[in-house]
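Engineer: Take the sequence shown: its letter number 467 is residue 467 in full-length UniProt numbering, and every next letter is one higher.
Hint data in this document are derived by calculation from the structure and do not stem from the laboratory.
Please note that the accuracy of each hint is not assured.
Stated by the list, open to error - What follows is a list of derived Cβ distance ranges for each label pair:
| id | residue 1 | residue 2 | range |
| --- | --- | --- | --- |
| 1 | S560 | D789 | 43 to 53 Å |
| 2 | T887 | Q1056 | 27 to 37 Å |
| 3 | A1024 | D715 | 16 to 26 Å |
| 4 | K667 | A792 | 25 to 35 Å |
| 5 | D755 | K667 | 35 to 45 Å |
| 6 | Y857 | N493 | 38 to 48 Å |
Stated by the list, open to error - Taking lysine-lysine pairs in the DSS-like style, the calculated list, with each CA pair at most 27 Å apart, reads:
| id | residue 1 | residue 2 |
| --- | --- | --- |
| 7 | K25 | K218 |
| 8 | K854 | K325 |
| 9 | K233 | K32 |
| 10 | K455 | K504 |
| 11 | K882 | K955 |
Virtual Cβ for every residue (Gly too), placed ideally from N, Cα, C.
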Amino acid sequence: MQIKTQKQITILQNKAQKVADQLNKEIVAVAKGIQHIQVQAGMAYQLSAKEFDVKKLNLIAKKNGNDLEVALEENVIIFDNYFAVCETGLSCLVSLPTEDGGLYHIVANTFFTLEDGTQVVYFYGEQSIVTTESSAVSANNNQSFKDIITSNIEIVVAVVAVAIIASNGNDGNKTLEQPIIQVTEVNATKNEAQDENQITVKAEPGSKITITFSANEKTVTKIIESASGNYDKVSVLTVDELNTLGDGSISISAVAVKDGVISSTGTGSFTLDTVAPIFDQQPTTINTNISTPITTTIYDAQATDQNGNADEGITYSIKGTNANKFEITADTGKVTYKEIQTSVHSNDTVTIIATDTAGNTTEQIVTVSVVPPQGFVINGENAEDVSGHSVSSVGDVNGDGLDDLIIGAPHHLDLSTPNAKYTSKSYVVFGKTNATAVNLSDIASGIGGFVINGKDAGDYSGFSTSSAGDVNGDGLDDLIVGANYSTNSAGKNQAGRSFVVFGKINTTAVDLSNMGMGGFVINGENAGDRSGASVSSAGDVNGDGLDDLIIGAPAASTDSVNFLGNSYVVFGKANATAIDLSNIATGTGGFIIRGINTWEFSGTSVSSAGDVNGDGLDDLIVGSHGALTSAGRSFVVFGKKDDTNTVNLSDIISGTGGFVINGENAKSQSGWSVSSIDDINGDGLDDLIVGAYLADSNDDDNIGKSYVVFGKKNDTTAVNLSDVASGTGGFVINGENTEDRSGFSVSSAGDVNGDGLDDLIIGAHSANNTGKSYVVFGKANTDAIDLSDIAAGTGGFVINGEGAEDDSGFSVSSAGDVNGDGLDDLIVGAPKADPTGGTNAGKSYVIFGKTSTKSVYLTDISKGEGVAIHVIDFQGDANADKNDTLTGTSADELFVAGLGNDVLRGNGGTDVFNAGAGDDIIIINNDNLAKLSNNTLGSHLLARVDGGGGTDTLKLEGGNLNLDLSNINNGRIQDIEIIDLTGSGNNTLKLNLNDLLDFSSSTNVLKVIGNSGDKIDIELNDNAFVQNSASKTENGINYHIYSNANASTAELWIDQTLEVI
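Please construct the entire structure, taking both the sequences and the accompanying hints into account.
Structural biologist: Right under this line is the structure:
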C-alpha cells in the first residue's frame, strides 16, 4: 500500500491499534547483536528498548524479502517471514512503545520502494514516521533521500535519523529486577546443552520471562510464563533448535514483564561444541628400532579442536589390548613404550583418544612394529659442504671385515683461505653394526674413519668418489677421489686430477697435497678436460690380479671437436708414483677410450661393467649423454689382456671390442648415469643399468627412465633402448611422476634381500620436493617395471626423502655389507640437507639390507637411535699379533675377525663370517652348509662367508659332505681362494665356471685340496674344463691344472689325490 498523506497514516494507525488490542502480546527485548524471531499469526510483538540510556533512538526498518529487519542503534531484530504471515488482515503486528504510553505499529502491507530498491516500512503514530537510512538518489542525482521521502508521503521528516521517543518502560517508580541467567556447562556438547539443568533463570516471582538464544544470526525463544522467584529451568533446546543455532558461542538474553513493567535484560552465554577434535594427517603405521630407549617418542599424536591449534585444549589417553605397553603424555600426545623392546615384533596396536574441553572425543588407531635398525644417518660437517654429492662403497679399507664408505663434500668452504674458497673434503666412514648417527666432524677428528683433505682451493675434490678395489694388491681395498677442476702438475688449468688413496688401518687424515706412500695422483691430460668428473673401479680389466681404474674426462676436446670426451683406464700398481694421463693415452700403464663427436661428453659417467660377456675379464661402461641429439649413448668396452691400444668408441659402434647402447628418444640423456648391477637375472653374466633422467613418458615430462641391459656372450650387436623398453635383452624401469628425474643416479645395490639375485637402486632427486630412491629387486623376466609399483611395495621398496629440497637420491650406491649381517646395504646422498652442521651441509643415509618391501623413511633413519640388531659375537684382533682363533657354537653368530691370519670355526647355525684382511681359514660343518644353501635369516643374520683380503681357505668339517655351489647363491661365499675338502673323509665339491669366477675378487684361480675319498664334480669337455698337460706343486701339494676355453684367466688347481668326476 502506498501512503500519500498524514491523514492516511493516522487512519491506518488507529486501525492497527484496534487490531493490536485483540492479539496476544509478546515482549521482545532488544539485545546486543542480531536476533531472529519466528513470527506467528495472532501475535503482537512489542519491542522493549529499556536497555538504552538515551530516549532518542535511530531506528531503521526495512523489508528484506519476506523478512522484517528492525535496527535500533547497533542491534538488529529480524522477524522471519513477517510479510507473509502478517499481511492478511493485520493478523500480527510489531509495535514500539512511545514515551507517552502509546504505540507505533509496523503494518506489513504498508511500504514504498526507493530507486535503489530499498523498501521503506512505516511505523504509524501521531507524531512521527520511521524510515531507513539510504544512500539512494534520484536518477538525475539532484534529489536527496529526504527529497524522495517527502515527495512520496507529503510530510517533512528528519530522514537521517527520525526521532522515536521510546518509553523507558517504567510505571512510575516501579521497577523489576534484572533476570539472572545461570549456565551449567559453559562449553557444552549437544547432550549437555539439552540437559534440563543447563539453563536456569531467576526473576521476579510471577513475572513472565522471555529467554532468547542467539547465534550465527539465528534466534530461538523460550518462555517461562510465571517465574517462581528461584532459578527456573528453561525448557530444553530441541535438536532442531540446536541445529538452527549451530556450533559456537550462543548468547542468552532474558527479559521479565510484570504488570506492564519491563525489566532490564539479563545476559549469559555458553559455547556449543558438537565437533570432535580432528587428528592431524600423519602415518599411523609406525616402525621403531629394537632396543630403542624408553625416552624415545614412538608417536606424537596431534589433534586440533575447532578454531584451535594442535594440542590446544586437547587431553590424550590410550586404550586397547596393548595399552599397558605404552605411556602417553596427556597434554602433548607423545607416546612412548614403558619398557625397552628387546625383540622384533609387529602389530602393537593402541587406540589414542583425543578429548576436547567440551568432552567431545575422537579416536585414532596406531600400529607400532619393532623392527631391526633400518640404517643410520651421516651428517655433514659445515654449511654449504654439500656432503653426499657423491657416495660409494669402498670395500673393506681398514681390513676389519666390514665394508666401508666414502662421501664426497666438494664444496667444503675453507674460511681460512683468501676469499673463502672451497677446498673440498672426502670422508671415509668405517663399517659398523649399530645405527647410531655419524657426524662427519667426528670423522674429521679420526673417530670412526678418516678425512681426505683436498689439495687446492676450488679443485672440487670429492665431486666423484668410488672404490678402487685393491689397486696395490696389499689385501686392503683402496679408493679414488676425483677433483675435476684441479690444475695438473704441468699447470694446465682444469685438466683435473684423480687421487688413489690406499687402504689403511689407522684414522689419521689424508692430505691430497702430500700423500707420500699412501697413494698416488693421476694428472689430467689437457687443460679444460676436467678429468675426474667421474671415477670408478674398473675391476681387473687386464687379468693381472690387480684391480684397475677408469677415469672420465667429459670436457676433453681436440682442435676440431669440442667436448667429445675421453675416458682413461689405469692399470693397478703397487707403487705410489704419480701417473699422467698423457702417458695412458700413449699406452703406458693403461689405455685411452676416445670419444667421437662434438658435445657428446663421453665419460660423463663411467663404471666397471663386471664381466658382461663371461670371458673372465672385467669390462667397462662409458656414458655419453650428449650423443644422438641428447638421446644419449652408452658404450660397453670389453676387458683385454696385454693390449694397451687406444679404444675408439666409433669402433665400439661397429661391434669391435664391445657394443653400443643407443638411447631411446631425443633429449632423454641416456648415459647420464651408468653402472654394473652384477647378475640381476641369474644367468651367470653381469648386467648393466643406464639412466635417462630426462626421458618423457606420455604426458609426463622429465619423469625419467632407467634401462637394465642383460649381459651377453659372443654378441657385439648394438643394443637399442627402444628394444629394451619392449622387453628385448633387458627391461625398462619407468619413473613415477612428472619432473621426478628418475635415473639421475643409478647403481648396483648388491643382494639387498638375500634372494641370490642382485638388486639395483635408482635415484630421483626431484621427486616429491624431497627426493626419492627406489630399490628394485632382481628378476629373470623382461617385464617393464613402474616405480609407482615399487613405491607400493611390489618388486622392491621406496626410500622417501627427509626434508624439502634435500635432493635425496642425487647420488646412490651399494654400500656393501656395512653392518656384517650378510645382506648388502645401500647409501643415499642428500647434498642439500640441513643437519645441525648448517644449510646445505648435506646428509648421507645408510639403509641396511632387508627382505621386506615396506617403505623406508629417511626421517626415521635420521633419528639415529638404533642399536645393533645382532651384536658381534666374535671380534678379532684381540691378540697382539692379530692372529685369532674364533670358535663358534651351534647358535646363529656373527664373526668379525679383522687383521691377521685368523681361524674361524662355525660349529653350525646361521653364521656370518667376515674374515677381514690376512690369510684366514673358515671352517664350516654340515649345518653351516645347509644354512648357506637357503635364504632364511636366523637371528637377523643371513649365512655368508667372506674371506676378505689375502689368500683365504674354506674348510669343511665332517664327512660325506656335499659342497654344491650350484645350490648356493652368488655372493654367499666370496673372496675364497682355496677350498679344503679334507674333513673326516668322502666330501664332494661341485662347481662350474661361473662359480669359479665369482669366488674371489682378486683372482680367477681356485685351488681345491683334500685327501683320498674326496671328489670334485666338474664338467669336462672342450667347451668346459680341460686338464692341462702341465702340473704344479705348491706348499708340498701336487696339483693338476684345469683351464676353460670360455675364460682365459680361469684356472682350477685340483689336488692330485682328489677324484675328478
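Engineer: Against the structure, test the hints numbered earlier, and report the numbers of the ones violated in rising order.
Structural biologist: none
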